[in-house]
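Undergrad: Residue numbers (my numbering), protein chains in the order written: chain A, 54 to 484; chain B, 5 to 257.
None of these hints come from the bench; they were simulated from the model.
Within a straight-line C-alpha distance of at most 25 Å, the following computed DMTMM-like cross-link-like pairs (lysine to aspartate or glutamate) qualify: (1) Lys234/B x Glu246/B; (2) Lys234/B x Glu200/B; (3) Lys202/B x Glu271/A; (4) Lys389/A x Glu469/A; (5) Lys197/B x Asp138/B; (6) Lys402/A x Glu469/A; (7) Lys389/A x Glu103/B; (8) Lys67/B x Glu271/A; (9) Lys234/B x Glu11/B; (10) Lys202/B x Glu71/B; (11) Lys234/B x Asp189/B; (12) Lys16/B x Glu271/A; (13) Lys389/A x Asp147/B; (14) Lys394/A x Glu469/A; (15) Lys116/B x Glu271/A; (16) Lys84/B x Glu271/A; (17) Lys116/B x Asp268/A; (18) Lys234/B x Glu36/B.
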Amino acid sequence: MSDQLTTDPSKPAQRMRAGSMSLTLMPWIIAAIALILMPYIFTSNSALTIMNQMWITVIFALAYNMLLGQGGMLSFGHAVYAGVGGFACMHIMNMSDLFASFPLPVLPIFGGLFGIGLAMIVGAFSTRNAGTVFAMISLGVGELIAACSVIIVAFFGGEEGISGDRTYAMPFFGNEFLQQIDVYYLTSFWVILAAALMYLLSRTPVGRMANAVRDNPERAEFLGYSARWVRFYSFVASGFFAGIAGGLFAINYEILTEENLNTASSGVILLVTFLGGVGFFFGPIIGAIVFTLVQTVLSLQTELWAFYAGSLFVATVMFFPGGLAGLLMMHVPVFKLGNAKQLIQPYIKTLLPAAIGILGVCALVEMTFHFRHASIGDDEMTLFWTTFDSHTLLPWLIAGAVALIGIGIAKRNASELKEAWDAANTAGDAS
Amino acid sequence: MSTPALELSGLKKSFGKAEIIRGINLSIGKSERHAIIGPNGAGKSTLFNLITARFMPTAGSVKLHGEDLRGLQPYQINRKGLSRSFQITNIFPAMTVFENVRCALLWSQGYKYSFWNLVNRSRQLTEGADAILDQINLLGRRDLPAGALSYAEQRALEIGITIAGGADVIMLDEPTAGMSHSETDYITDLIMKVTEGKTLIMVEHDMGVVFGLADRISVLVYGEIIATGKPEDVRGDPRVQEAYLGAALEAEH
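Chain A extracted, bound-state conformation (with noise of 0.2 Å):
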């Protein structure tokens, strides 16, 4: 045993500590400063709007993570507390004379004081036991908030919701946020600010308590630690954050409804959560980028989008539990070992077919789609830039051919991938 304890072991160690500040500090100001110049990038409208949704997505969904992928609870209502939040920051624009005498860019912190309030309420008994008594309870809660919705219409206006406008704020430097644009820099300011902030709880003591108390409860209670409290601490601190995201929504659309509220929002911030990678603190990062990328640029293209959306999310619980940051932290190692160029070629051979054949995969999907449900008459559809009949049988051989060509190459080839894969990993090792 003696063997392993020959290194000094302070002194590496704390090389690292040093290298690590400045490590983590890199990608924040690289994060901030393509926050800034994005918008120099993709001018359009459409684009701002995009990445306004994409942005509060990420707070919301970096707010979920901190109960999934750090405190280990699975919440099926988590929609609540930033739908709350939003409303009640719609209800603040609705004041004139309160709404008038501070500016926009602080109406999100109202968001997150009503998402803690509802957390407190909900988490003093929800947060006793993680696991699926969290679970139901989280739905049923959700369940109850979105119903009442049509009940309590005097906060949440019913059926159509509630609208405001934003620009009623006390200018700020000048700014009425009358431009989109000025919105997407509120909206950027915040998403750097939120996503630092539960950085650093993710290092404080009760963050790492948190991770200690999702791996093993009792050990955690048998330290000083009670694992309840440790809980409540980090579901309060979900809600206040979830509660900023919907304050930036209302800023953002100037309408909330219900549909802020319900089980299928809530679903789709697990979805987006998962997607990214639970086990990192940058997983849902990725994933809000990715699906809100889904959701925008695809839903234009074929109204088949949540199909796929669907299809990534299983394939990704089923392939890639740790979802696509786990896919692009796998990688590290190798490129620690310096065998990243051995990957690419077995990476060529095996995505591109598999590409081509998702794609005929995918024109199967949309060519029935449109057989099926097409007015009759409109024979023509127009699949990748080709304009074609449905009705005809060539263009499904062709596609069905691609489909099963592509997939089948990619399968042959996959054995090779997967050697290299072992080579890349275990190479180094000798050295």
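Chain A is fixed; fit chain B onto it per the hints.
TA: Same frame as chain A, but now just chain B:
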């Protein structure tokens, strides 16, 4: 006589009709190393779980430094200076070895549920955790996930977590279970080293470990203590030999 570190009086526990612990009176003095031995199913682990509030006693009381522990939660008992390990290794497998120990230090260093301190910034926490790692000879494994350690190393880590908070009463549940001879020697030395000046209560099957470590021994058979005393006295007790020790000693040699 000063207040004992741990005092059990009339402690009973039934699961349904089955009486597992049938009235235990035991007083363990400060800085004493006390071993509880007994055949399988005698209720040793149950007794541990009763003391640490993992189970509620059916009757009787547990006093830590004269203070009744009735109605307290495990985390509250831990804060009063009683810490335990488990028969089945109970660590945070996904976290690094260093983080396992650091988590064990948080409460005793007064961080409570703080969300305004950054753990990486605290020199006291880092140095404290490294000191514990040094003590349990795991500094070389510092940044590995705890789940990747060997069995003996995980047991050592568990002992490290148990003592890290600075508790003065340490309870170890079969610390050498399932270990080879050399590993057992290593863990025994480790226990000797880290419990210096502390009260130690341990359940143990390995008689070599028991006679090497313990100041006093209690023999638990079918939920009752049939003998308590110095190792040599217990060894000579005919009832103990009949019930347990003779057979065990024969098996040893």
